[in-house]
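Enquirer: Take a look at the letters that make up each chain.
2 protein chains.
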Amino acid sequence: MVSIPVLTLKRLPQYLELLQQFQREGQSHVSATRLAEITGVHVTQVRKDLALTGVVGVPKVGHKTAELIEAIKSFLNWNDSSSCFLVGAGHLGSALLGYQELSRKGLSIVAAFDTDPALSGTTINGVKIYGLDRFANLCRRLHIHIGILTVPSEHAQATAQMMIDNGIVAIWNFTPVHLDVPEGIIVEDVDMSASLAVLSRRLAEKLHHETKVERSH
Amino acid sequence: MVSIPVLTLKRLPQYLELLQQFQREGQSHVSATRLAEITGVHVTQVRKDLALTGVVGVPKVGHKTAELIEAIKSFLNWNDSSSCFLVGAGHLGSALLGYQELSRKGLSIVAAFDTDPALSGTTINGVKIYGLDRFANLCRRLHIHIGILTVPSEHAQATAQMMIDNGIVAIWNFTPVHLDVPEGIIVEDVDMSASLAVLSRRLAEKLHHETKVERSH
DNA sequence: AATTTATCGATATAAAAGTATCGAATAAGA
DNA sequence: TCTTATTCGATACTTTTATATCGATAAATT
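Keeping their order, the protein sequence lines are chains L and A.
The opening position of the first sequence corresponds to residue 45 in the working numbering, with each subsequent residue numbered one higher.
The opening position of the second sequence corresponds to residue 45 in the working numbering, with each subsequent residue numbered one higher.
FYI, nobody ran anything at the bench for these hints, they're computed from the structure.
Misleading hints may appear alongside valid ones.
Each pair may be met inside one copy or between any two copies, as identical chains are not told apart.
Claimed, not checked - Capping the alpha-carbon separation at 30 Å, the derived lysine-lysine pairs in DSBU-like fashion look like this: (1) Lys250 <-> Lys92; (2) Lys256 <-> Lys108; (3) Lys172 <-> Lys256; (4) Lys250 <-> Lys54; (5) Lys256 <-> Lys92; (6) Lys54 <-> Lys92; (7) Lys172 <-> Lys92; (8) Lys104 <-> Lys250; (9) Lys54 <-> Lys108; (10) Lys104 <-> Lys256.
Fair warning: this is a prediction, and the values are worked out from it, not measured in the lab.
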């Protein structure tokens, strides 16, 4: 199993989203050219990305939409669902518990955990909330190895460590904290701050530029 | 105002987060070397990134923590707060309304909008929710130009267009939909799917590799 | 005061990612 | 049937990004 460029991996869901839209619209075939036009990614890049998933296209017609969807899904391992635990059932945590899309992306939250005793025993969107003390036992018993981290920043590192100690090997990190983890543990940050940084700066650049243009009149 | 590499922009908040942590711990100075060690970013890269913000360090001691924090913040325009609107007060939308961090990153949600009449008039975390029909008027009156998009996928494109028609120039897009917008409009996707894709694939690679190693014994 | 050490910032090299070019394949139209 | 248009996939090239090297500088140590 070859290691794939991160940027390719990040583009694949974008293609997938479009393909599913096309499929709903009843389009049986789609070309790399078309995907490129819409996403703004270069055609050659799209071809390279798709090639990595192993699909082959037909000249003049492109790819079968359904086949391409399956290829990307199986490539990302989004076909069969992986069970995971969520720790931190606050605002963001609950939002994720109510987020239908996850199941379509091969992720199934089977239990959630929170320190707040008031939450313990309750259910959000069909997912039961437990106290943190139950984590170790349940994690081992159910052989869960993916954890979603949505606790407040100050508890992020400790909670991550606790997860790892109990068998979690992949952490989907929604906190802005940089997690220090042993080698072999996978951490993926959902970097809201990063994207906000890009937005803020681009906007500042744009406004600044416009002011300059105005002045020069 | 020079255009800055996206990847640099995305790393800056990470440094900032660390720096603020250091500041809380009372560390008056910090070196690029140290930031590199913790984040895993190469030293030279850290130096380049920091250089872009205009700071200068002192050999043997590094940078003043406080100064560096200010430099990054002002570089990202996170010093003075920008007002914005949020459209779609569902799970994710409400989570963002309750997300304290945003104000620390120069973003202040001044009003939210939703089609659900039941939400209209209510308040989440001090932010009032209006019907979508009020958007046009309020947006123009308050001169808002940043919009947070947290509506269901099927309404994403239409809502984005509506925002743009009323003066929004920067959209922070939390939907997985690729938005088709006129030139000059800034769209930043918070790509949960993208990060999940990386996680899924990396995990699959890891597990696959481990199985192979086991077999070879 | 001289030497060592840690860090800086600039420049140079290497690696990765993106873009362009080209021949081959296939469907549609002349 | 022959030609044309479109798309594919492979290879070559370009640009961007990341890493390494190096002299300079300032604090700490001898």
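Enquirer: Which numbered hints does this structure break?
Expert: Numbers 2, 3, 7, 8, 10 - these are the hints that the structure violates, sorted from lowest upward.
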